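Chains as they are written, first to last, in our numbering: chain A, 9 to 342; chain B, 166 to 480; chain C, 674 to 859.
Hints should not be assumed to be uniformly reliable.
[To be verified] Calculated lysine-lysine pairs in the BS3-like style (CA-CA distance at most 30 Å, straight line):
1. Lys-681/C - Lys-198/A
2. Lys-325/A - Lys-84/A
3. Lys-401/B - Lys-218/A
4. Lys-122/A - Lys-297/B
5. Lys-32/A - Lys-325/A
6. Lys-218/A - Lys-185/B
7. Lys-185/B - Lys-321/B
8. Lys-218/A - Lys-738/C
9. Lys-218/A - Lys-459/B
10. Lys-681/C - Lys-218/A
11. Lys-321/B - Lys-276/B
12. Lys-459/B - Lys-198/A
13. Lys-683/C - Lys-325/A
14. Lys-738/C - Lys-276/B
15. Lys-218/A - Lys-439/B
16. Lys-408/B - Lys-439/B
17. Lys-277/B - Lys-198/A
18. Lys-402/B - Lys-459/B
19. Lys-54/A - Lys-402/B
20. Lys-79/A - Lys-11/A
21. Lys-321/B - Lys-122/A
22. Lys-683/C - Lys-198/A
23. Lys-681/C - Lys-325/A
24. Lys-402/B - Lys-218/A
25. Lys-218/A - Lys-277/B
26. Lys-854/C - Lys-325/A
27. Lys-11/A - Lys-54/A
28. Lys-439/B - Lys-198/A
29. Lys-681/C - Lys-276/B
For the record, the hints were derived by calculation from the structure and aren't laboratory data. Quantities reported herein were computed from a predicted structural model and do not represent experimental measurements.
Okay, here's what each chain looks like letter by letter:
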Amino acid sequence: MLKLKPVETYRDDFTFSNSPEAIKRFPFPFQQDEYRYSVNIEPVRKGGAGSVYEHWFDIDEHYLSEVNERKTVLEKDPRRYMIAPHMNLAAWDALEMLMEHFSNDYPELFTLNKQADNWTWHNHALGINDSFSFGDNDSLPMEPFAYITRQAQGDWALLDQRQGDLFMDGGMITGPADWSLAFDLGMSFKEWHGPVPMAHEMGVFDRALKYLLNIQVDRPARRLNWSMSINPLLEQSPESYPDWGHTRNEVSNDNVGHLVHLRVEVQGLHRLPRSNALMFPIRTYLLSLNDLVTQPDWGRRLRQVLMTLPPELVDYKGLSRYIDVVIDFLEPWG
Amino acid sequence: MNELLRVSVAAINQLAPDIKEFILRPVVGSELPAFSPGSHIILEIHDAKNLYRNAYSLTSSPFDRSHYRIAVQLQQDSRGGSRYLHQAMSVGDQLDISPPNNYFAFEQYNKKCLLIAGGIGVTPFMSLFPDKCGRNADIDMHYVFRDQSQAAFVSKLRDQLGGRLSCYQRSQGQRLDVARLLSEQPLGTHVYVCGPERLIEDVRHQATMLGWPESTVHFEKFAVATNGAPFSVRLKKTGRSIKVAEDESLLDALHRNGVEVRHLCRAGVCGECKTALLQGPAEHRDLYLADAEKSEFIMPCVSRARNAAELVLDL
Amino acid sequence: MHRHFFSKPKYEPLVVNTGSRYHVFISDEQGFQRTRELLAAVANNCQCLLVTDSDLTGMSENCVKLEADHLQVYLEQQVVRFPAGSRFYLLGREAFIWKTYSALLALCIPRDQCAVERCGSIERDVFCVHCRVINSAVTHSPVCCEGCGRELYVYDHFSKRLGSYMGFQVNAECVAELPEKELLMS
Numbered sequence: 009m010l011k012l013k014p015v016e017t018y019r020d021d022f023t024f025s026n027s028p029e030a031i032k033r034f035p036f037p038f039q040q041d042e043y044r045y046s047v048n049i050e051p052v053r054k055g056g057a058g059s060v061y062e063h064w065f066d067i068d069e070h071y072l073s074e075v076n077e078r079k080t081v082l083e084k085d086p087r088r089y090m091i092a093p094h095m096n097l098a099a100w101d102a103l104e105m106l107m108e109h110f111s112n113d114y115p116e117l118f119t120l121n122k123q124a125d126n127w128t129w130h131n132h133a134l135g136i137n138d139s140f141s142f143g144d145n146d147s148l149p150m151e152p153f154a155y156i157t158r159q160a161q162g163d164w165a166l167l168d169q170r171q172g173d174l175f176m177d178g179g180m181i182t183g184p185a186d187w188s189l190a191f192d193l194g195m196s197f198k199e200w201h202g203p204v205p206m207a208h209e210m211g212v213f214d215r216a217l218k219y220l221l222n223i224q225v226d227r228p229a230r231r232l233n234w235s236m237s238i239n240p241l242l243e244q245s246p247e248s249y250p251d252w253g254h255t256r257n258e259v260s261n262d263n264v265g266h267l268v269h270l271r272v273e274v275q276g277l278h279r280l281p282r283s284n285a286l287m288f289p290i291r292t293y294l295l296s297l298n299d300l301v302t303q304p305d306w307g308r309r310l311r312q313v314l315m316t317l318p319p320e321l322v323d324y325k326g327l328s329r330y331i332d333v334v335i336d337f338l339e340p341w342g
Numbered sequence: 166m167n168e169l170l171r172v173s174v175a176a177i178n179q180l181a182p183d184i185k186e187f188i189l190r191p192v193v194g195s196e197l198p199a200f201s202p203g204s205h206i207i208l209e210i211h212d213a214k215n216l217y218r219n220a221y222s223l224t225s226s227p228f229d230r231s232h233y234r235i236a237v238q239l240q241q242d243s244r245g246g247s248r249y250l251h252q253a254m255s256v257g258d259q260l261d262i263s264p265p266n267n268y269f270a271f272e273q274y275n276k277k278c279l280l281i282a283g284g285i286g287v288t289p290f291m292s293l294f295p296d297k298c299g300r301n302a303d304i305d306m307h308y309v310f311r312d313q314s315q316a317a318f319v320s321k322l323r324d325q326l327g328g329r330l331s332c333y334q335r336s337q338g339q340r341l342d343v344a345r346l347l348s349e350q351p352l353g354t355h356v357y358v359c360g361p362e363r364l365i366e367d368v369r370h371q372a373t374m375l376g377w378p379e380s381t382v383h384f385e386k387f388a389v390a391t392n393g394a395p396f397s398v399r400l401k402k403t404g405r406s407i408k409v410a411e412d413e414s415l416l417d418a419l420h421r422n423g424v425e426v427r428h429l430c431r432a433g434v435c436g437e438c439k440t441a442l443l444q445g446p447a448e449h450r451d452l453y454l455a456d457a458e459k460s461e462f463i464m465p466c467v468s469r470a471r472n473a474a475e476l477v478l479d480l
Numbered sequence: 674m675h676r677h678f679f680s681k682p683k684y685e686p687l688v689v690n691t692g693s694r695y696h697v698f699i700s701d702e703q704g705f706q707r708t709r710e711l712l713a714a715v716a717n718n719c720q721c722l723l724v725t726d727s728d729l730t731g732m733s734e735n736c737v738k739l740e741a742d743h744l745q746v747y748l749e750q751q752v753v754r755f756p757a758g759s760r761f762y763l764l765g766r767e768a769f770i771w772k773t774y775s776a777l778l779a780l781c782i783p784r785d786q787c788a789v790e791r792c793g794s795i796e797r798d799v800f801c802v803h804c805r806v807i808n809s810a811v812t813h814s815p816v817c818c819e820g821c822g823r824e825l826y827v828y829d830h831f832s833k834r835l836g837s838y839m840g841f842q843v844n845a846e847c848v849a850e851l852p853e854k855e856l857l858m859s
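Produce the complete structure using the sequences and hints provided.
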């Protein structure tokens, strides 16, 4: 039974913390002692009970905190939510998929009733009770994609599939790892991956795109991405870089274990049935180094990965100023 | 490989002397997967002797998940699939279908869609209507058919499209002038065509002559013929020799002989069954391989040997 | 960090597709000379739009002069008249050609029908990701943002929709580390 923590913060006083259960289920991303780019996309397979992979769309103890954080970000800057008009059908596809899975997988938190097009949705965690007509924007308190993603954890992008390519034509992006929807909106698949080092030359994106274009309904794919954050900062956006950038320069031996967090994205790729678009959830998990080293072999492996990380990736992931402090910190674990 | 869905035949309607409509409902649960207009399902049809796999476009609304609707035209030279559906299938019967797949998807970002349908090729367009969720494209449809027997589709389309539907009944001498129709279209129009090969080739040719970019011409060939002269295939890795009969695809012959080949669309489009061709002249009927690949690969779901020659595959 | 980003466009000289039914040239001042060269290759089935806010003499009669603010409306009105198969040639500064390209795409003109050639100075438009102001005619990095005053590193990640490169605060991690201004080379 999922126990929701009361609201904690991902900014200002950073009260966020992981329970022992959350630490154990953290999706540690490294299979080997070395990390290199690859087409690491694979079909979604149901994970073990309680794992982050058990359900397509994971909800954890931080649900209330993340919902609150999203609300805060959007109040400061509404343009973290953008959607092109031609993506409205995809938005309804996304709403349906999330409502069905949430109500099916977390029945204690969500209830969905359907009578033909007349739906009622109950979010018991947030006290939301709405009736609406499926497909009718005016019957919801706000646009469908905003409506449902405000009740979900993680960032969400909508990719239009046309002309043998994918275009980022919508998104609810309030917790990005250093990318801007306001800038990237409308870009094609390889364009929005423009700044990624090494992978283009390796042909990673050509192969990945082919895979994505062929994803079938009910056959989603998944991949992991990782970086690091100073503090449990979910909203590590270019927009607010002037606010958080200096923290990269403030890591010392005294605070590294508490301050530096491994940041892992569990990314999904789901075919939206009526629009034929792809929904791209980016579900982020944060773990402090102090908590990370409590798990068997994680400290040692992370140290090996960081020691063998190519300089281009160290730079691209923004680790340059403090990676040595982290490597030193992890030394006792190997 | 996709898991199959079990459905039951809830109703059968005679739409025309040679066209029957089947309403399929799920056996388990109350909802079938939603789908995008242009999608098809593959029916697994068993008669006394054989298993047939036939693809049919979904004509029902993607917003009504309680059932799927398909229209089956009795093919005169049918291997048995459409014949079985017409003559032996009854209300209450159950069968397995593939989940919907779409190799004829309509783009969301079109200003104007010109829809050209020939005969039974109208079916993939039916699920576009009624339109929901504010697709903003201007739609203009041109429907070519032989005679009054297609009338059932015409009235449904007329209800939805009104004056935006133009019909051409060949038995009354009405012809669609493809060149003129295309030349009247504003810049940015996308054309979607489905029907007999002749019609599709005519549209593609005229569009090319008028300078339309390929990206604006979308077509679904409505039955890639997978039959042809029988031939044999040698499998390099095991040394086995397999005969492909005239009425089965190379893929089916391989499966029949216990040789597993990954596959998905069975229409030569998706690339899943790409197999290395070591020897032999192939007759490529697919839409997937680049020209440069055709000497080294073959798509067994639709392609065959040329002139009944022997093929050697890297299997 | 001078590897080439995929999002940064690469340019080749334009080739006029003489097989097309109709040609539309859209250029700014910096592209106009090159446009005149290309116009010579096509006969009558073409149109030339020169987008400029200044008075230019020496224009040929074929050309329609438009102020930058009027281009969008003009295209919206004219698009119904361009026959399918028309090709569009966009010439001039980088920011200009891509903003024009985006305007054409917004009218659902197929991207395969649009060709670009960058002409003239290599100055850039830079989108400040912090205040969202676009800084024009940027020649050096870092550049001081006209909107918020921050010193922006000019990143090579390019948005065709905005016709701009991304700019973010160059010294956000350490205020004292303000690099020397470097000339942008491409």
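Against the structure, the hints:
1. Annotation: proposed proximity of Lys-681/C to Lys-198/A holds, straight-line Cα distance about 11 Å (limit 30 Å).
2. A distance of roughly 26 Å separates the Cα atoms of Lys-325/A and Lys-84/A; the hinted pair therefore holds under the 30 Å criterion.
3. Between Lys-401/B and Lys-218/A, the direct Cα distance comes to roughly 29 Å. Compliance with the 30 Å bound is thereby established for this hinted pair.
4. Distance restraint check for Lys-122/A and Lys-297/B: the Cα-Cα separation of roughly 18 Å lies within the 30 Å cut-off, and the hinted pair is therefore satisfied.
5. A threshold of 30 Å between alpha carbons decides the hint, and for Lys-32/A with Lys-325/A the separation of about 25 Å falls inside it, so the pair holds.
6. For the hint linking Lys-218/A to Lys-185/B, the alpha-carbon distance of about 37 Å lies beyond 30 Å, and the restraint is violated.
7. Between Lys-185/B and Lys-321/B, the direct Cα distance comes to roughly 16 Å. Compliance with the 30 Å bound is thereby established for this hinted pair.
8. For the proposed pair Lys-218/A and Lys-738/C, the alpha carbon gap of about 44 Å is over 30 Å, so the pair is violated.
9. Pair hint Lys-218/A plus Lys-459/B holds up; C-alpha atoms about 19 Å apart against a cutoff of 30 Å.
10. With a C-alpha separation of about 22 Å, the suggested pairing of Lys-681/C with Lys-218/A holds against the 30 Å cut-off.
11. Taking the CA atoms of Lys-321/B and Lys-276/B, the gap is near 24 Å; set against the 30 Å cutoff, the hint holds.
12. Taken as a hint, the Lys-459/B and Lys-198/A pair is honoured in the structure, with Cα atoms around 28 Å apart against an allowance of 30 Å.
13. Restraint check: the Cα-Cα separation between Lys-683/C and Lys-325/A comes to about 26 Å, which is no more than 30 Å; the hinted pair holds.
14. For the suggested pair Lys-738/C and Lys-276/B, the alpha carbons sit about 28 Å apart, so the restraint of at most 30 Å is met.
15. Proximity of Lys-218/A to Lys-439/B is assessed by CA-CA distance (about 14 Å); at most 30 Å being required, the pair is judged to hold.
16. Proximity of Lys-408/B to Lys-439/B is assessed by CA-CA distance (about 19 Å); at most 30 Å being required, the pair is judged to hold.
17. With a C-alpha separation of about 27 Å, the suggested pairing of Lys-277/B with Lys-198/A holds against the 30 Å cut-off.
18. For a cut-off of 30 Å, the pair hint linking Lys-402/B to Lys-459/B stands: about 21 Å separates their Cα positions.
19. About 35 Å separates the Cα atoms of Lys-54/A and Lys-402/B, which puts this hinted pair outside 30 Å; it is violated.
20. For the given pair, Lys-79/A sits about 21 Å from Lys-11/A by alpha-carbon distance, which is consistent with the 30 Å threshold.
21. Under the criterion of a C-alpha separation no larger than 30 Å, the hint pairing Lys-321/B with Lys-122/A is consistent with the structure, at around 27 Å.
22. Under the criterion of a C-alpha separation no larger than 30 Å, the hint pairing Lys-683/C with Lys-198/A is consistent with the structure, at around 14 Å.
23. This hinted pair checks out: Lys-681/C and Lys-325/A have alpha carbons roughly 20 Å apart, not beyond 30 Å.
24. The hinted pair formed by Lys-402/B and Lys-218/A meets the criterion: a straight-line CA distance of about 28 Å does not exceed 30 Å.
25. Of the supplied pair hints, the one linking Lys-218/A and Lys-277/B holds, its CA atoms being roughly 27 Å apart against a limit of 30 Å.
26. Distance restraint check for Lys-854/C and Lys-325/A: the Cα-Cα separation of roughly 24 Å lies within the 30 Å cut-off, and the hinted pair is therefore satisfied.
27. Straight-line distance between C-alpha atoms of Lys-11/A and Lys-54/A comes to about 21 Å, which keeps the hinted pair within the 30 Å bound.
28. Taking the CA atoms of Lys-439/B and Lys-198/A, the gap is about 25 Å. The hint holds against a cut of 30 Å.
29. A C-alpha spacing of about 28 Å is found between Lys-681/C and Lys-276/B, which places the hinted pair at or below 30 Å, so the restraint holds.
Of the numbered hints stated above, those contradicted by the structure are hints 6, 8 and 19, listed in ascending order.
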